[in-house]
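With the sequence shown counted from 1, adding 1 to any position gets you the working numbering.
Everything labelled a hint here was simulated from the structure, so no lab data went into it. This one's a predicted model, so the numbers in the text were calculated from it and none came from an experiment. One should not assume that every hint holds.
Here are the simulated lysine to any residue pairs, SDA-like style, with alpha carbons at most 25 angstroms apart [to be verified]:
1. K108 / V175
2. K117 / E79
3. K108 / I153
4. K117 / F135
Derived Cβ-Cβ restraints for the label pairs, each shown as a range [unchecked claim]:
5. V172 / L44: 21 to 27 angstroms
6. S99 / C40: 47 to 53 angstroms
7. L131 / R183: 43 to 49 angstroms
8. G189 / P16: 47 to 53 angstroms
9. V37 / A140: 49 to 55 angstroms
10. F29 / L125: 18 to 24 angstroms
11. I132 / R93: 44 to 50 angstroms
12. V26 / E100: 45 to 51 angstroms
13. L157 / W179: 53 to 59 angstroms
14. I124 / V172: 18 to 24 angstroms
The beta-carbon is built from N, C-alpha and C at its ideal position, and this holds for glycine as well.
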Amino acid sequence: MIRETLANLVLHTHPLVSVLRLLSVVCFAMILDRAVFWCVSALRYRPLPPDIYDCSGSRRDLLLAQLRATRRRHYTREVLLACLETPGGKERIGQSVSEVVDRMSSKLNALELVAKIAPLVGILGTVVGLIMSFCEVGAMANASPTAISKGIGVALKTTAEGLVISISASVACVGFKWCIHRAMLKMGRIICATQCIANVSDLGHGSSPREQ
Numbered sequence: 002m003i004r005e006t007l008a009n010l011v012l013h014t015h016p017l018v019s020v021l022r023l024l025s026v027v028c029f030a031m032i033l034d035r036a037v038f039w040c041v042s043a044l045r046y047r048p049l050p051p052d053i054y055d056c057s058g059s060r061r062d063l064l065l066a067q068l069r070a071t072r073r074r075h076y077t078r079e080v081l082l083a084c085l086e087t088p089g090g091k092e093r094i095g096q097s098v099s100e101v102v103d104r105m106s107s108k109l110n111a112l113e114l115v116a117k118i119a120p121l122v123g124i125l126g127t128v129v130g131l132i133m134s135f136c137e138v139g140a141m142a143n144a145s146p147t148a149i150s151k152g153i154g155v156a157l158k159t160t161a162e163g164l165v166i167s168i169s170a171s172v173a174c175v176g177f178k179w180c181i182h183r184a185m186l187k188m189g190r191i192i193c194a195t196q197c198i199a200n201v202s203d204l205g206h207g208s209s210p211r212e213q
C-alpha cells in the first residue's frame, strides 16, 4: 500500500510532469485567446458593398462618413479607412496593414515555441523514467514490478503529455495562420477596390486636355 502511494506520488509530482502541465495551461490559454480574437473578428466583419468598384468621389465621401461613425473595431474597417483617407498613400496603408498583421499574429510565435519544446520535455521525461527504472533494478537484487513501474510510469506519462501538447499547438498554429492568410486576401481586395475609387475620383476632379 505504501509503495503504491509513493509510486503515484512520484508519477504525479515529478518535476517534468509539472513542467508539462504548466506548458499545457499556457498552450490552452494562448489557443483560447486567439480563438476568441477570431470569433470576435468574424462577428464584427461586414462585407464590402457590391458596387464599391463603381464609385465616384461622392460615394467615397459617404463611405468615409460611415466608417468614422462606426465604433466597431475590425481590421477591414481600419485598412479601408486608411485607404480612403489617404488614397495612394502607400506608407499609411502599409503601416495600417502591418499593425493589423502584428495584432493577428500575436502569441503565434510563443505557441510555436510550446509546440517545439513540449515533445523535447516528453523525451527527457522518457529518459529520466528509464534511468529511474534501471536504478531500481540495480539497487535491488529482486526488484519488484512496483519499483520498476514508477520510472516507466513517468516515462510514458511525460511522453504522452508532450505529444498531446505539441499536436494541439501545431494544429492551432496552422488554423490561425490560415485565418491570417484569408484576412490578408480580404485586405488586398480592399486596397485594390479603394485604389480604383481614388483613380475615379482623380479623373472626376481633373480637367481634360481640350478644356486647357
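Structure-based check of all given hints:
1. Annotation: proposed proximity of K108 to V175 holds, straight-line Cα distance about 13 angstroms (limit 25 angstroms).
2. Proximity of K117 to E79 is assessed by CA-CA distance (about 34 angstroms); at most 25 angstroms being required, the pair is judged violated.
3. A threshold of 25 angstroms between alpha carbons decides the hint, and for K108 with I153 the separation of about 35 angstroms lies outside it, so the pair is violated.
4. For the hint linking K117 to F135, the alpha-carbon distance of about 28 angstroms lies beyond 25 angstroms, and the restraint is violated.
5. Judged by the Cβ atoms, the range 21 to 27 angstroms given for V172 and L44 holds: they are separated by roughly 23 angstroms.
6. The hint said 47 to 53 angstroms for the Cβ distance between S99 and C40, and at roughly 24 angstroms that hint is violated.
7. At roughly 45 angstroms, the beta-carbon separation of L131 and R183 lies within the given 43 to 49 angstroms, and the hint holds.
8. At about 49 angstroms, the beta-carbon gap between G189 and P16 stays in the expected band of 47 to 53 angstroms.
9. Between V37 and A140 the C-beta distance comes to about 51 angstroms, which sits within the given range of 49 to 55 angstroms.
10. At roughly 22 angstroms, the beta carbons of F29 and L125 sit within the given window of 18 to 24 angstroms.
11. For the pair I132 and R93, the beta carbons lie near 60 angstroms from each other, so the given range of 44 to 50 angstroms is not met.
12. The hinted window of 45 to 51 angstroms between V26 and E100 is violated, with their beta carbons roughly 29 angstroms apart.
13. The hinted window of 53 to 59 angstroms between L157 and W179 is violated, with their beta carbons roughly 33 angstroms apart.
14. For I124 paired with V172, a C-beta distance near 20 angstroms keeps the hint of 18 to 24 angstroms intact.
The structure does not agree with the numbered hints 2, 3, 4, 6, 11, 12, 13 stated previously, though it agrees with the rest.
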